[in-house]
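Asker: Sequence:
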Amino acid sequence: MPELALDGSEIAAADGIPVIFDVAALAAHLVDRATTLTVDELTVVLFRVPGDDGPVLLDVLHRHRLITDLDLGRYVGLAWAMAERPDRALSRGRWRQLFTAAGYTEDGHRVPRPTAAQRLYRGSVADRRGDWSWTDSRDVARTYAAGGFGGRLPGAIWTAMVEPERLLARNTDRDEFEYVVDTDGLTITPTPDCSLFA
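Going by this note's numbering, the first residue of the sequence shown is number 1, and it counts up by one from there.
Quick caveat, the hints were computed from the structure, so don't treat them as lab data.
Wrong hints could be hidden among the right ones.
Said to hold, decoys possible - Restraint-style ranges between C-beta atoms, simulated for each label pair: (1) 36 - 87: 26 to 32 Å; (2) 153 - 18: 24 to 30 Å; (3) 116 - 84: 21 to 27 Å; (4) 43 - 127: 18 to 24 Å; (5) 189 - 34: 47 to 53 Å; (6) 32 - 189: 21 to 27 Å; (7) 161 - 31: 40 to 46 Å; (8) 40 - 112: 26 to 32 Å; (9) 192 - 35: 16 to 22 Å.
All residues carry an ideal CB built from backbone N, CA and C; glycine is no exception.
Sequences and hints are given; from them, build the entire structure.
Answerer: Quick look at the structure:
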């Protein structure tokens, strides 16, 4: 039977990776171990930390070459989707590097990037219209524009024609039909019929 450490942070685990709940301590342990993680180990460690800490752990693993680019592709979209505000967990530059190394993915699978520009939408306040979570569903954008959940303020529905090279990943598992979009330099406008919710 595993034992709880005196500080309550570690439990010996059968898979050889101790249960560590603090992302910095877990990252330090994995870096000290200096062994590339298997897919099973990656799944275990990413689900041991809170969603907002997943991107930080994934970034550390990538920086220390403890995850292959192929395996990174399986988890980078998930880490993005599980964080409430992924752009606060890592800089855009770091996210860009992770998504570039992973290649374009849909629900954790490397697939060919779309070849045509996509009309996408985002529901948010004006100051956050350039964030990277977008959708091809106006209904999903409308839900986000209305605000009220996750502490979000009411906003508007924004739209853009997004070139394929800006599409970093697609996540559909939460019925949000999310595209992760590199918006740097992207022309973003309010939808013509978008009544502001604010």
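Asker: Each hint needs a verdict: does it hold in this structure or not?
Answerer: Results for each hint:
Our hint of 26 to 32 Å for residue 36 and residue 87 holds, since their Cβ atoms are close to 28 Å apart. In this structure the hint that residue 153 and residue 18 lie 24 to 30 Å apart at CB is violated, the actual value being about 41 Å. In this structure the hint that residue 116 and residue 84 lie 21 to 27 Å apart at CB is violated, the actual value being about 31 Å. About 36 Å separates the C-beta atoms of residue 43 and residue 127, a value inconsistent with the hinted range of 18 to 24 Å.
Hint check: residue 189 to residue 34, Cβ distance near 49 Å, so the stated range 47 to 53 Å holds. Residue 32 and residue 189 have their C-beta atoms about 49 Å apart, which leaves the hinted 21 to 27 Å range violated. Distance hint check for residue 161 and residue 31: the Cβ-Cβ separation is about 42 Å, which falls inside the suggested range of 40 to 46 Å. Between residue 40 and residue 112, the C-beta spacing of about 27 Å keeps the proposed range 26 to 32 Å intact.
Taking 16 to 22 Å as the suggested C-beta distance range, the pair residue 192 and residue 35 does not conform, at roughly 55 Å.
In summary, the structure is inconsistent with hints 2, 3, 4, 6, 9 from the numbered list given earlier, while agreeing with the others.
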